[in-house]
Each structure stands twice: as C-alpha cells, then as structure tokens.
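Colleague: Chains as they are written, first to last, in the numbering used here: chain A, 1173 to 1929; chain B, 103 to 388; chain C, 8 to 176.
No lab work stands behind these hints: they were computed from the structure.
Treat the hints with care, since some could be wrong.
In silico lysine to aspartate or glutamate, EDC-like type, Cα no more than 16 Å apart, as pairs [as the list claims (entries may be wrong)]:
hint	chain 1	residue 1	chain 2	residue 2
1	A	LYS1289	C	ASP27
2	A	LYS1288	C	GLU133
3	A	LYS1917	B	ASP361
4	A	LYS1288	C	ASP9
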Amino acid sequence: MQPETPAVRELISTEKNYQSAEVWTKVTGKAIYGIDLRLPGMLYGKILRSSHPHARIKKIKTSAALKMPGVRTVLTGSDLSCSPYGIVINDEMPLEPEHVRYVGDEVAAVAAVDDKKAEEALKLIHVEYETLPAVFDTGEAQLPEAPQLHENFPGNVAWRREVVRGDPESAFRNADLVVEGKFHIPQFHPAYLEPVACVAVSEPDGGITLHTAVQSPDIVRDLLAQVLKLPLSRVRIVGPVMGGGFGGKVYGNLNLYLISALLSMQTGLPVKMQLTREEEFTAGRPMVAAEIKMRMALGNDGTFLGREMDLITDNGAYSAQAPWVSNTLAERNDSVYRIPAIKTKARLVYTNKVPTGQYRAYGNQVANFACESLIDMAAKKLKIDPLEMRLRNCVRPGETTVHGLQIKSCGLAECLAAATEEIGWTKRKKGHGYGLSAAIHASGSVVFDPNLRGASARISLELDGNISLFTGEQDYGQGTHAAFSQIAAIALDLEPSRISVYSKDSLVTPYSMGALGMRQATIGGKAVQLAAEKLREKIIRTSSEMIGEPVIMENGRIRSASGRQVDFTEIAHYYHGQTSGLTLTGEGSYVPPESSYDDTKYGNIAVTYSFAAHAAEVEIDPETGALTVHRIVAAHDSGRIINHLSASGQIYGGVAQGFGMSCLEGYLFNEGRVANPTLADYKIPTALDVPDITPLFIETDDPEGPYGAKGLGEIVQVPVPGALANAVADAAGGWVTEMPITAEKIFRILSNRGAAK
Amino acid sequence: MSYFTAASLDEALNVLREAKGKALIIAGATDLFLKGMPSQAVDIASLPELGMIVEEQDYLSVGAAVTHAAAASSPLIMVKAAALAEACAAVGSPQVRNLGTIGGNLVNAAPAADAAVALAALGAKAVLCDIDGRRRVEELGNLYAGYNQSRIDSSREIVLNLIFKTCQFNEGSAFARFASRRALSLPMVNVAARVGLENGVFAEVRLVAAPVKPAPTRLFKTEEALLGKEPNEETRQMVEELASAEVKVRGSLLRCSADYRRHLIGVLAGRVLMAAVRRVQDKEES
Amino acid sequence: MDIGKITFLLNDEPVTIYADPAESLLHLLRDQLGCMSPKEGCGRGECGACTVILDGKAVNSCLVPAGKAAGKNIRTIEGISDGKSVHPLQRAFVEKGAVQCGFCTSGMIMSAYALLAENPAPRQEEVKRAISGNLCRCSGYKQIEEAIMTAAEEMNENRVRFVEKEQKE
Ligand SMILES: Cc1cc2nc3c(=O)[nH]c(=O)nc-3n(C[C@H](O)[C@H](O)[C@H](O)COP(=O)(O)OP(=O)(O)OC[C@H]3O[C@@H](n4cnc5c(N)ncnc54)[C@H](O)[C@@H]3O)c2cc1C
Ligand code: FES
Ligand code: FES
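My request is simple: use the sequences and hints to build the entire structure.
Modeller: Structural data, given as structure tokens:
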C-alpha cells in the first residue's frame, strides 16, 4: 500500500503546479533544440530520395557531385557494409543499395560545407532506375500477381496474427443482435512542430556521439551500435531539447541518424542533418493506415457476447514499429469491456508507400473509432442508452480481461458517469449531437523487452546540499521531470526546486526504455521513488554516524533527539571527506513482475492500466454538413494526479490531437505519392478549431504506481475518435465510418437520409 | 540577386525600365518568396501612394499595396465594401495578412484568391501603370490569362490601386468561404455578392463564385433571375438551386469533390446574398 | 548569389550584415546573427514558429526576404524583456502551464505581444484569432489563451498603478 503521509498529501496539493526550471529557457527563447545545434567545423548532410514508388537502381554516378567545391563526401547504398535492420523486422537499409520501394526512399547522401551546397550537390547525382510495377492498395498487394516488395515476405504480408478467445462461434450463434461495420483509417502523422534533426560526431576512438532529441535514446544507441558494428560503449546519445514527439520520436528517424553517423565517420567531421517538413511527411514514420471489418454479438439486454475483427494495416514500404502498433490496434480495445469471446485476424501488408511507425497511443485510438461506433450502432438498434450499455459491460476493478490483463485500480464506470454528467447527457440541447466513448491503455508496458521491464534511477546529494537526479526517462514538455522532482521531494522531505533532473546524456544516465507505453510516470517514477528512499536512508545513517546519535529527517532538516541539527551540506561534506570525493547516492530500480504472456499473448502486459471516458457535444450545419464540436469532456482515471498543471496540459493537448485526427487530418495519396506533405494541407488544428475541453480526474489510488499515480500521456487521445463519431452520428442520423469525419462525408450521410437541407 | 526598395512610384518604374524585363515587382512576398525570388526585385510594399484607402465622391480607391490586415480593419472598407473586409479577414493567418497585399492577391491569380473574389463582386477595376508611364483601367476579369496566370506582366507594369463604387444607402455586399480549417486554410469555395435594393426588390446584383474558372466567376443567370424579386426565404432557395446549377466545377483530392463543391457554391450564394441584403436593411433601420 | 549590405534594427540595436537579399529573414537571424529564438517548423508561412515583429506587426520571418528587412525595426523574444526581469507574458506562460515542448513558444509569445500592443484587453475570441497562425501541437492552446489573458490583465493593472503613481507625484 502507498504511504499516505501528510507530506505526500500536502506536496501533491501545494506543489501541484510545480514546473522545472527548463521552462524558463523556453519562454525566453534560449532553449536549444535539435535544429539549433551547431558545432565548430560542422558539415551539412542531405539525402537524395527515390522519385519512383518502386524501382531497381541500375547505376548511380556521383563523380560530378564529388567534384563540386564544398562537397566533402557522397555515400550510396553500395558503399555500406551494414545489413538490413529494423525495430521488429529487419527490412530496411540506411541507403538502399539496389531496390527502392517508395517515393522518398533513401538513395544517396551528401555532406558539404553548407546546406545549400549539399542540396545543389544532390542534383548532380545521376541515378539510373529501372522502374518496377508498384502496388498501393493492401488488397491488391496480397494477390499472387502483385509485385513483391521484400524477398522473404510472400504476398507482401509483413506480419500476421490470429487470436481466438472464448467461443466466438457460439457467441454469434446465440446472439440476439449482430451488428457489423467496415471502417477506414488513413495514416496520421504526429506532426510534432520540430522536424527530426541531429548532429553526428565521429570520435577519435572510432565511436559516435549523436546529438539528437529522441524519446528512447538508449534503444537508438543499441540500434546504432548494432547497425554500425560499433562497441556499445562507443556510442553516446546526447539530447538537446525536443520540439514535440508524441511517439513519433521514440526512435527519431533512424535512417537519418545512421546516415549522418556514416557521413561523419567518413569525413571525420561533425555532420548535421535535419528533415524538411516535406520529408517529415513523405519519409517520416506516420502511423499505419487500417481497414477494419468488425462484427459484434449482443444479447437483447445489451450484454456484449463477442466480437470479431478482421484488420488489415498498411505498412508502407518498411516496418518500423508497425507490427506492434497493429497488435495494439487489433486487441487493446477488447479489454475496455467484458467481452467473453473474441476472434481477431490481423495482417500487416507492404505497399509502395511511405513506411509507417507509431503515434501516441499505438493505434488504440483509431481502433476506438471502429469499436465505439459499433457499440452505439448496437445501442441504437436495441434502443438502449449508450451510457447504460457501457456501464453494463465496462470492466471493473479486480477483473481479468479477455486477453488476460489484470485490472487493479479502475475508475472506468466513474469516468463514464462523470463525463456524461458534465456534458449534460440527460439535459441535451436541441439539435445538438452527443457521443460517448471509453478506453483502456496499458500504463507501464512490460512486454516491449521482457528483459528490461522496469526502470532505474540514481540520485545524489551534492556538496551544496542540493539533489541531482539521473534518469533515462525523457521529458519533452509532458512534465515528467517536474513530477520526478516532486516524487523525490516527497521521499526526501524537501522542496522540488532543490532537485535537478538530468536525463540527456546516455553516458551518465541509467539505461531506460524511454518515453513509450506510458511507462515513465509509473515505472520510471517508481524507480525515482525507490532511489530517493534509498538516499534518504543513507542520509539518515550517515548523519547519525557523524553526530553519534540517532536522527530523524523532516522538512529537509535532520535533527537528533538531543536537539542537534544537521543540514544537508554538512552531511554531504562529511561523506565527501570520509570517502575522499564520493557523493551520497541512492540507486533505485523498480522491476515489475514478469509478464504472464503465453504463446497466444494471453496475460498481463503492464504494471497497471489507465482508463478514460470522453463525452462530446457537436452541432451540424444541415445545409453543408459542417461540423462544430462544442465541447469534449475528458474524464480520466490515471490514478493519483501528481501535477495538475501538466496533467491538464496533457489532456488539452491530447484531446486536441484526437480532434485533429478525427475531423481534419490524414494522409492523401496520388499514385503512391503523398499529396498533402505540408502543414497547409495536412491540417492540424489551429487555436480557432480546438473545441472547449474539460478535464476531469477520477483519482483512484493505484497500488503499483508511485504514490498511486498511473500514466496519462497516451490515453488522452484514445477515446476522442469514438466519442466524436458517435456524437456526429447522433446529430446526423448515421455514422461516418471513414476518418477523418469531414463536412463532405457528413453531408453525404444527411443527403442519403434525405435530411440535408 | 539585387533588392531595390522603391521610395516612389517613378523610382520603381525607372528600375523596371532599366532592367528590361529582368526585374519584378514584389509586394508582401507571401506568394513570390515560395515560388522563387527573381534576380532583381523591386519592393513596392511601402510606397505611400499604393498604401492608401481613400473615398472620393462615390468611389473607393484601395491601394494595391494595402495589406489584408489593413483592409480587414479599415472602417471605410468595413462600412462601404464589407465583402472585401470579410474576404481579407479570411486570408491565411494574422502573420500572412500583415504581409500579403491586395494587389499581390490579384496578380498571383489563384482561382479562389479571397480578396480577388470580393473585388470582383464589388465591380472593382484595376488601375495600372506601365514603365512608360501609361495608365490604363482594366476590368478584373480581363486580368487572367489562365489558372494561376495573370495577364499583368509585373516586370513592366504595376497595379496602382483598385477602384469601385462604394455601397450606397440601398446597397450591401458580403463574402463567405468554406474551408475545412478555421485559419491557415485555402477555401473549398468562396462566394461574394453585391446587391442593390429598390422598393424592397433586387434592382442590382453581382454574384461571384470561385474556384470555377481561372478568374472569379460571375453567376449571370442567377443574378438575372433575382432582379425584381423580393429577398426572402423562397428567393434564397432559388438562388441556391440556380447558382449550383449554373457553375461547372472540378473536384480536387485535397479539397472536395466536384458535386460537393457545386452544392457549396449554391448554399454560400444564398447566404452571402441574404447577408448583403441584411446590411441594406440594417442601414434602413438605423 | 549576390551579397548586399543590409542594415536594420534588431531589438532596438542597429545591425549591419552582408547577405543575399533573397535569403529569408529567419535564416538571417538564425544563421548570421545567432538569434535562435525564431524556430523553423515549415519554412512556408504555415506554422508560425518563426514569428517575429516587423515594424509593429507579427510576420512569418521565413516568408520575409532579407532585402525587405532593410531599414526596418525587428523584434524577437530576446527583445521583449531587459534580461533582468521577465515580461508578463513570459511569466504567465510559465505559471499557466502554457509551455510544453516550447518549440512554438517564442513565436506564440511574439504574436501575443503584437496583439496586446494593439488591443490591451482582448476577448478570448480575439486571442484565439491572434494566435491562429501559430500552430501548437502539444498544448491544445487552452493554457496559452489563459496565459495571454492573464498577462493582459497584469499589464493593465501595471498601467493603472503607474498612472496612479504619476498622479500622486
Ligand atoms: C501560409 C499562407 C496562407 C495563405 N492563405 C491564403 C488565403 O487563405 N487566401 C488567399 O487568397 N491567399 C492566401 N495566401 C496567398 C497570399 O498570401 C496572397 O495571395 C497575397 O495577397 C499575395 O500578396 P503579396 O503582396 O504577398 O504578393 P507577392 O508575393 O509580393 O506577389 C505576388 C505576385 O504579384 C506580383 N505583384 C504584387 N504586387 C503587384 C503590383 N502592385 N503590381 C504588379 N504586380 C504585383 C508579384 O510580381 C508576384 O508575381 C496564402 C499564402 C501563404 C504563404
Ligand atoms: S517556419 Fe515560418 S511559418 Fe513555419
Ligand atoms: S508547446 Fe510544443 S508545439 Fe507548442
């Protein structure tokens, strides 16, 4: 159980808006981001990309580029000695030696003294291609006559999964009602405001230091060492400030990193590279597109009996995290409710389009669009209130879900009640549409790397009495580090501002999985708590050794029964002297129990789970289909909220992103080419678009998370697509089953119903 | 390249003349900078004579270098040519509106340029001056050579200002656009109207829609059908039907289908017309 | 590439540099003058991260040719406070949680600064409009809008206090 000391309560309430000092560098324009980095003697790298969706490279002539003044080196795929690599599937090369598979594929790279020269040199590289038939549609790609993208993947199927739980056949046989739908979801880009940028520095010892802001630096370090065949200790990642990530920068852009490292190793000089906004869209890693066919079986009283899903995700040319994303997309929503029988068939299919990766909630948010729409379709048929239906079926504390997730703390029913109460579910405004949606998300996933489930932290008492905390967990504005300072402050009984957090140099920070799977707050925070508690013990022990009598620690002060006071500086110096230079340090590691995952992937996958219910209120212009989203109420169970300011910020931002993907965003293609690779045409919401958002916190006390906290950063986006789809359906009388929900699509529904004016 | 900031119109014309076709006029640069800068630029953005908004008798003259921001907040334009104020307020973003000019909007010749559509509805004419100092006045419709192509050769002539009759007591104008995002968004369609009422019926109507053709397009049939009609719900519905039947439009992957675009033009035509009428009625009431 | 001499005021100090007038003001500031607060998120006027104030108006510095900057007065976030104290906007952005990744922040504050110079007591709708050319992907804008309203209030109170003090003296 969590210690509920007065200090904990007070800290969480009085310091609920604490922010780390870094924020001041951001409001004064002094924060240094990846794009701002400049090192003496630095070169600039640029990439020549394929202009064909599918082709064989017959010849590359680089001599003219090499001769150009200011050009220091030119690299092509045939210069590389590395083998294909990948995060899940080894299907990618930093520069493709002979076979390009999408418009944007890396073909050659140049390093020159400035970026204009590098850009010009690209034009002097002559590539002779033999074009190949290309395939852009996942259905066509699976046909026997379709062009093959990768040798080892017949039918272009990169990954497949079939799962049966319970007895779906009898569930559907015995159902009173079966509803079904087909849903289409395009690629979405996280559209962080800062494009990926890096500077690679080849070191005298043959190693590489890569300066880049990435969510999981240690994993990038592993991959760089593996692909470049360098000893792990010779690869170092140093992070500038990150201009947004949202899951899209878990691994940054690995090809860019590898190419800049190779260019730097070749020239012996630092090489800076950064993606243009257009490259971000055309050669970044948006989240997979999906076609979902789904059926649901229900009893007359609205009880869920079973669900069937047939999922095809569009991998594009290479895989990145797409298999993991497809897996979450396929099954996470099954655990929101009690659904006794599940049958899922999922395939991830290669096409000659932009490769895919991940965005914020690993596909859970787009599956929500389909699953929650279907629930409301059923509710309408059965004439049951959608709230009633969800309350009847939603998962409760202590239950184990159909895929084996063990639910400890769970405030989902309370979230549903609170969101609907706040939006005025029973006091509806005439002509407005109302929609509801619910979600679960793993907080502290332990299945990414079974050998590295947990996290560790190191915390030291400095000579000046302040505290330094070293962690591998990254903060790019979510407030993780402020929360860590708060957590450590609770353990050490002092103000959070005395605790500085260092996370940005892989040489000195503990190894970590980084910012993914909502693990930082839970797992990372827990490690901080344990480390700080260790330090506290050591401080107490050392103090009593120093003054020769037992002491207690309170409000950052240490005193003995006899009234003798010691301060942190004194102890730090004492220990320093006793050990000739060491600092008092606490190391903590939190290792959550192993996943109980079996061969069918049944089992508990995370330390704990967060829950949410969102309710939306919308209005439709009957003449045009134009949608106004008046309000989204976001009720969240993320356990105890350590920092209200940043927790609210996560909700406002995540819901705005959910709104964007639901109503505005999405890739458009023309013969495999991205047709909207700009921020003008890939429309993320402006201040005038974002609806009024009301965050509500249902603060359960989680037994696992630090001081009862659970993750929040990803789940904020998950229920939005479903809530909006249902609100629109309520107003329009039918569901838009293709994201984004545009005015034109709504208008088509109105017209088909004869309801357009 | 060379960059010349002109201090007077004569100076600008001189530089153009001497450059023999190599120099190009530049105003806010919001279009030109992305398309590629010329080898010589003659910046006319701060020429006082091109930055004025003046009323002379029944006419309003808007300088070609007036920015969208200045036009949108000009009391003169708001009162006497509301459609133009509304159109300029809808352009891009505050930053783009602070740079981009009305003249640039016209010469850039995008088919659904917001200011151009409003100006066409207001019946504006462009006053041009060439390097030999010859001035001429042109109908807006005559300035388009094709999609995104102006007949104006900015290496040898300058748009000085746009002139149109102000909206009189019995007249009103309005502009509307439809876009997927509320800022930083090019429109799927934009429509503007200028109406004159006499004895409670339409005596004069100019209704313009885009993108239909390279230039903002007048909907003559709809205009004609309106004359003599009372502005009421029935007329609005008629306009909706006539306007969308009158236009032939193309669909686009990035914006919307042709059918939907045609439908939107109808709806917006009805709306701007009624909004323009309301402006007349408001004047009559106050 | 022709290099020309360009002189302008940057945060009230005259600067003279030699640059290609077709270069963007954004690159001029960042690459030649070491003024890194305007950020490049798109280079096409579509994100607002590069917003600076040119003769009192918020503009996208990525769309301004260097030649146009000549003779102008340019203000960046480095020039809104004296380095010792902070501007009320900066304080309010911190206090209201308006900063997450911070990449949009400089541009956002400059748009807000231009707004408050013209309209010291904006309504929320006016604030939204004023920052509608500044994309923020992190925050959902809510806390940014609150911060701008709060700063406006503080600045107005300061003005009242200043006037009262003047009157007493
Ligand atoms: C992010 C963004 C969003 C935008 N959104 C919109 C929008 O919503 N609606 C819209 O309509 N437009 C939009 N635009 C386009 C643009 O801002 C406008 O067309 C603007 O009015 C152009 O004016 P300018 O002064 O910047 O033109 P410039 O770029 O300076 O010039 C454009 C062309 O006109 C010529 N020219 C300019 N002035 C004259 C003159 N007086 N005489 C002769 N030739 C001249 C130039 O030689 C050049 O060929 C947007 C642009 C951007 C970058
Ligand atoms: S960088 Fe200038 S607007 Fe995006
Ligand atoms: S704080 Fe990250 S983009 Fe605004």
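Colleague: Evaluate each hint against the coordinates.
Modeller: Hint check:
Taking the CA atoms of A/LYS1289 and C/ASP27, the gap is about 15 Å. The hint holds against a cut of 16 Å. At roughly 40 Å between alpha-carbon atoms, A/LYS1288 and C/GLU133 are farther apart than 16 Å, so this suggested pair is violated. Taken as a hint, the A/LYS1917 and B/ASP361 pair is honoured in the structure, with Cα atoms around 12 Å apart against an allowance of 16 Å. Proximity of A/LYS1288 to C/ASP9 is assessed by CA-CA distance (about 15 Å); at most 16 Å being required, the pair is judged to hold.
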